[in-house]
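Colleague: Each protein sequence line maps, in turn, to chains A and B.
When the letters of the first sequence are read in order and numbered with the working numbering, they come out as residues 523 to 768.
When the letters of the second sequence are read in order and numbered with the working numbering, they come out as residues 230 to 423.
Don't read these hints as lab results, they were simulated from the structure.
Keep in mind the model is a prediction, meaning the values are calculated, not measured.
Among the clues, some could well be false.
As the list claims (entries may be wrong) - Label-pair restraints from in silico Cβ distances:
| hint | chain 1 | residue 1 | chain 2 | residue 2 | range |
| --- | --- | --- | --- | --- | --- |
| 1 | A | A623 | B | K405 | 19 to 29 Å |
| 2 | A | D594 | B | T347 | 43 to 53 Å |
| 3 | B | D253 | A | D683 | 29 to 39 Å |
| 4 | A | D747 | B | D253 | 31 to 41 Å |
| 5 | A | H646 | B | P285 | 53 to 63 Å |
| 6 | A | A647 | B | H332 | 41 to 51 Å |
| 7 | B | D401 | A | P567 | 23 to 33 Å |
| 8 | A | A623 | B | C386 | 33 to 43 Å |
| 9 | B | P285 | A | D594 | 51 to 61 Å |
| 10 | B | H388 | A | L607 | 51 to 61 Å |
| 11 | A | L607 | B | P308 | 18 to 28 Å |
What the hints assert, rightly or not - In silico negatives: residues of chain B with every beta carbon more than 12 Å from chain A:
| hint | residue |
| --- | --- |
| 12 | Q270 |
| 13 | G374 |
| 14 | A376 |
The beta carbon of each residue, even a glycine, is placed where N, CA and C say it ideally should be.
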Amino acid sequence: MSIQVDLVKGAKADTYTIPPIVDGTQPTRIVEGYPQTARRTPSRPLLRRPLTLSELTGPLDLSGRLAATSADVAGQSARRALGQLIVLRLAVRDEDGSPIAGTMVEMWQANAAGRYAHPNDSDHAPLDPHFQGNARVQTDASGNIEIRTIKPGAYPVPGPDRWWRPPHVHFSVWGKVWLSRVVTQMFFPGDPLNEQDLILNAVVDAEARARLVARSVPTQAAPGDALVFEHTVVVRGKRATPTEHA
Amino acid sequence: MMSAVSMPIGEATIGPFFPGAYVDAGANDLTRWQGRSAQGQLIDIRGRVTEDEGVPLQNVVLEIWQADANGIYRHPADPRAKHADADFFGWGRAATDADGAFHFRTIMPGRTHLPNGTLRAPHINVVVLASGLMRQLQTVMFFEGNAANATDAVLACVHPAAFQEALIAKADGPRKYRFDIRLCGADETPFFED
């Protein structure tokens, strides 16, 4: 199933397709030790449907519906959040590696003590009055954003099978079409909790798991006051070659 | 330009702490866009999201995508895009409250065109994001009483046919519809591959 899409203004129309997901590259839906997954995951198999305009179109510029915020989550001077200052360089690409320019990216995370500024988080770790821990930023013409924040802390997941979430940052991203929508979590390289995390390890394929871990930029190459991490979010969808026209 | 082919990134749950600030006031109202009113018949859609055994779920994020009153998407892939209603964006977001309840205000979508010349029944694409859902869930809402439901190419994929009823929003008063989403259980909502 394919459809004509003029993806880039001025470029000739391309065919945009949604390739099937490769086994193991997405998390298993039911995770042992995370009981909510079994109560919320459909018991019947998902249905296959023909892809029509409804799935192969989608919102392209959400800034009129979702207000963008500052890309500085850490704050400045007296209002700076506690914790290790970091810069996250996020690249949003389609499956051909083409940048997704002007798309919305939402991020949210715990503070340095591992506490979310959210009414659902009843953890005993302290809140930081200078840290809300969320931002909404549109990618630039190169499909990139840069967010200044602090490194989130690890935190325990309450319940009988108490386990710890490693430091991670949530990202919500839109691609060019409805089926490109993705919500994902970014992990930090080298954290020993990564190997024990039920959510990260729900992705069975090791290479796919590695794609969820950011790359640390050598400090010599990032001389500012923050540690720098780079991460790429590839959203679903690729251009087919013209010979693939259905 | 097509050299670097890479795999889509792994999804993850939104977790229990999806920020309330991300459900902007008015994001569930598709009838207004940049201060102007969309064409078409205004409708209200209300429903509840429940997990297994009918337990209501709070802080579930629902996003919807639909065509305008004439069945046109605001997207370059729609061959009729240049005739799309300039005052209709087609996308909205709502979150469930403590009772699992959500509300969208939108317009009745028109019938979209398939390349083979046939028409879809009026429908709204719905994606469900929630704590405990490792991956998004995709479903589609249709409307009670629309004769085109009988020939819709996507609704026809739901077997046995009795399960199709769960995808049809029920009339609940003038211009009001009810659409409950049951994630898991004997009466669960049909979901589609994403």
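Colleague: Each hint should be assessed against the structure and marked as holding or not.
Modeller: Results for each hint:
1. A/A623 - B/K405: 19 to 29 Å: Between A/A623 and B/K405, where Cβ atoms are some 40 Å apart, the hint is violated.
2. A/D594 - B/T347: 43 to 53 Å: The hint (43 to 53 Å, Cβ to Cβ) holds, given that A/D594 and B/T347 are roughly 50 Å apart.
3. B/D253 - A/D683: 29 to 39 Å: holds (36 Å)
4. A/D747 - B/D253: 31 to 41 Å: holds (32 Å)
5. A/H646 - B/P285: 53 to 63 Å: violated (27 Å)
6. A/A647 - B/H332: 41 to 51 Å: violated (34 Å)
7. B/D401 - A/P567: 23 to 33 Å: holds (30 Å)
8. A/A623 - B/C386: 33 to 43 Å: About 34 Å separates the Cβ atoms of A/A623 and B/C386, which means 33 to 43 Å holds.
9. B/P285 - A/D594: 51 to 61 Å: violated (37 Å)
10. B/H388 - A/L607: 51 to 61 Å: For A/L607 against B/H388, whose Cβ atoms are near 55 Å apart, the range 51 to 61 Å holds.
11. A/L607 - B/P308: 18 to 28 Å: violated (49 Å)
12. Q270: The claim holds: B/Q270 sits with its nearest Cβ about 19 Å from chain A, beyond 12 Å.
13. G374: holds (20 Å)
14. A376: Holds: least Cβ distance 19 Å, greater than 12 Å.
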